[in-house]
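Undergrad: One-letter residues, chain by chain:
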Amino acid sequence: MTAAVAREAGRSRKRRPDAWKIGAYAALLGLGAVYLLPLLWMIATSLKTGPQAITSPPTLVPSPFVWENYPRALSEINFPQALRNSLLYAVPAVVGSVLSCSVVAYGFARINWPGRDVLFVILLATMMLPGQVTFIPLYVIYAKLGWVGTFLPLVVPTFLGNPFFIFLLRQFFRGIPEELSSAARIDGASERQILLRIILPLSVPALITVALFTFIDKWGDFFGPIIYLNNPDLYPLSVAIQTFQSSHKTDWPLSMAASVVISAPLVVLYFLAQRKFIEGITLTGIKG
Amino acid sequence: MSAVAPVRLRRRLTPGTRRNLVAGLLFISPWLVGFVAFYLYPALASLYYSFTDFKILEAPRWIGLDNYARLGSDPLFWKSLGNTLYLAVFGLPLSVLSALAIALLLNVKGIRGISIFRTIFYLPVVVPTVAVAILWIWLLNPQYGLVNQILGFVGLPQPKWFFDADWTKPGIILMTVWGVGDVVVIYLGALQGVSRDLYDAADVDGAGRFGKIRHVTIPMISPAILFNLITGAIAIFQYFTQAYVISEGTTSRGSGAIGGLQNSLLFYGLHLYNNAFRYFRLGYASALAWILLLVILAFTVLMLWASRRRVYYASDR
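Protein sequence lines, in the order shown, are assigned to chains A and B. Here numbering that gives the first Met the number 0 is used: the first residue of the first sequence is 0, the next is one more, and so on. Here numbering that gives the first Met the number 0 is used: the first residue of the second sequence is 0, the next is one more, and so on.
For lysine-lysine, the following DSBU-like pairs were computed, each having C-alpha atoms within a straight-line distance of at most 30 angstroms:
#1 B:K108 x B:K211
#2 A:K20 x A:K275
#3 B:K78 x B:K54
#4 A:K20 x B:K211
#5 B:K108 x A:K20
#6 B:K159 x A:K248
#7 B:K159 x B:K78
#8 A:K275 x B:K108
According to the in silico footprint, chain A covers these stretches of chain B (three or more CB under 8 angstroms from chain A):
#9 11 to 20
#10 290 to 296
Just so you know, the hints here were simulated from the structure itself, not pulled from any lab data. Yeah, the Cβ is synthetic: ideal placement off N, Cα and C, and Gly gets one too.
Based on the sequences and whatever the hints tell you, model everything.
TA: Here it is in structure tokens:
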């Protein structure tokens with residue numbers, strides 16, 4: 000009743016030209032331009048000659064377009080090798096993360112067993128543990144195992160679950176009606192069969208979110224590679240590009256071309272799967 | 000819990016429950032292994048290392064509290080703590096507020112094209128950290144960077160940013176504010192969960208736009224604000240990659256340690272890294288790590304305690 004009256008009031012207010020809406024649009028357009036400009040600047044610089052990049056006043060459109068910057072930047076960072084290394088890190092990590100997190104999340108979400116909730120709280124608590132607390136002992140272990148200088152320290156942990164993604168998948172699995180599981184159990188299905196035949200096929204969107212976030216995280220990771228790889232021949236794109244920039248501090252067109260190269264795959268992924276990103280962030284953010 | 004608990008538990012368990020227990024533990028076993036190998040053991044080992052003199056090649060030698068005692072007289076410890084607090088005090092509120100402002104603008108009734116704007120604000124988050132840092136070294140180049148060109152054009156002073164120790168951290172903050180897209184998305188999600196009825200009720204009470212934001216919107220999304228403050232602070236205490244790339248990209252390294260111009264970018268995470276992997280003082284670095292953990296825990300508890308009357312949780316009703 001009161002809500003209806005209020006809605007009426009809202010409607011009559013809307014008929015007037017809405018200064019708020021116009022103001023909000025103006026602010027959003029201005030802010031949007033400010034947020035977009037650095038990325039346009041990155042692309043523009045990547046296509047300029049050195050002298051052109053530092054002209055004043057600056058121009059946004061390169062003339063001429065120096066496409067040769069890209070092949071030059073790619074050969075400077077030894078692109079085939081760096082790309083191979085990035086993929087050798089990110090692809091197994093995606094596989095490991097999706098596999099391990101879905102299995103573990105199933106155990107937390109769809110089976111009732113004593114002690115489950117205590118362990119889940121411990122799992123959540125580990126998210127609070129800063130990586131700095133664990134990386135020195137881990138380095139010592141990896142060094143003893145002879146893993147330093149290989150991809151193993153970066154990839155193996157992804158096969159043993161990630162608390163953040165386990166949490167995300169658990170939330171998703173719990174939303175699937177329990178009746179589906181109990182019906183399958185009556186038919187004699189094992190938990191493994193229920194996970195494979197019922198839960199996973201219904202959870203493809205969440206699994207894609209986990210795969211995307213893992214890929215983005217590992218593709219851009221810098222700390223892990225500089226600590227554990229210890230060998231320039233194994234450095235992924237992130238480290239290769241940083242190394243190039245710090246040794247060519249004034250070659251802005253090539254630095255920007257290299258930056259475009261490392262960013263482009265993620266930007267494309269983002270445009271292909273925008274909703275997955277938003278859902279993933281929202282799901283984890285609000286619950287926190 | 001006590002050692003007898005499992006025994007008593009087993010006696011009381013029905014066969015069905017026991018089957019579930021075995022199945023549950025089997026399913027979570029990858030995480031259990033990971034928990035012991037990557038969290039529990041390393042955390043305890045680092046606590047132990049923090050009481051030792053430990054240089055990777057020799058066995059750790061017990062020195063009691065010496066590492067912790069040395070913190071007080073390590074000028075770089077205080078420098079890094081100060082730099083980190085600078086980001087937390089000036090950068091964090093600015094990031095959280097600008098993200099909130101953007102989200103509120105996107106949430107104004109009747110605004111179209113939300114998804115386009117959301118894409119624009121989120122894109123910087125998609126760009127890998129290394130590329131973001133390199134881009135901002137260029138954008139904030141004192142002579143030719145876009146930012147100073149624009150500042151010069153409108154007649155404002157042009158700081159030397161990463162080439163002036165007083166301006167390196169404001170430069171970092173600018174870069175951070177550009178990257179708040181994920182926080183914006185979290186706020187948007189929370190804002191969309193605020194019931195229309197509450198706004199309608201506020202209309203009946205004669206609340207204006209700001210009144211509604213203050214008395215309806217902010218309280219309703221306060222859990223998201225608290226979440227962003229806590230996760231933002233934790234991220235600042237661990238700030239590393241951007242500072243590393245900018246230090247290396249703007250100074251020529253002499254000593255081997257990384258910290259930017261006059262150590263103005265020596266954040267806590269970088270100081271820890273320098274001690275572990277540049278000076279090979281693993282014991283001292285472990286002490287730094289445990290201080291970091293305690294600071295993060297204390298901060299989180301403090302935030303949760305301070306906000307307990309200011310944050311509204313729907314389940315409290």
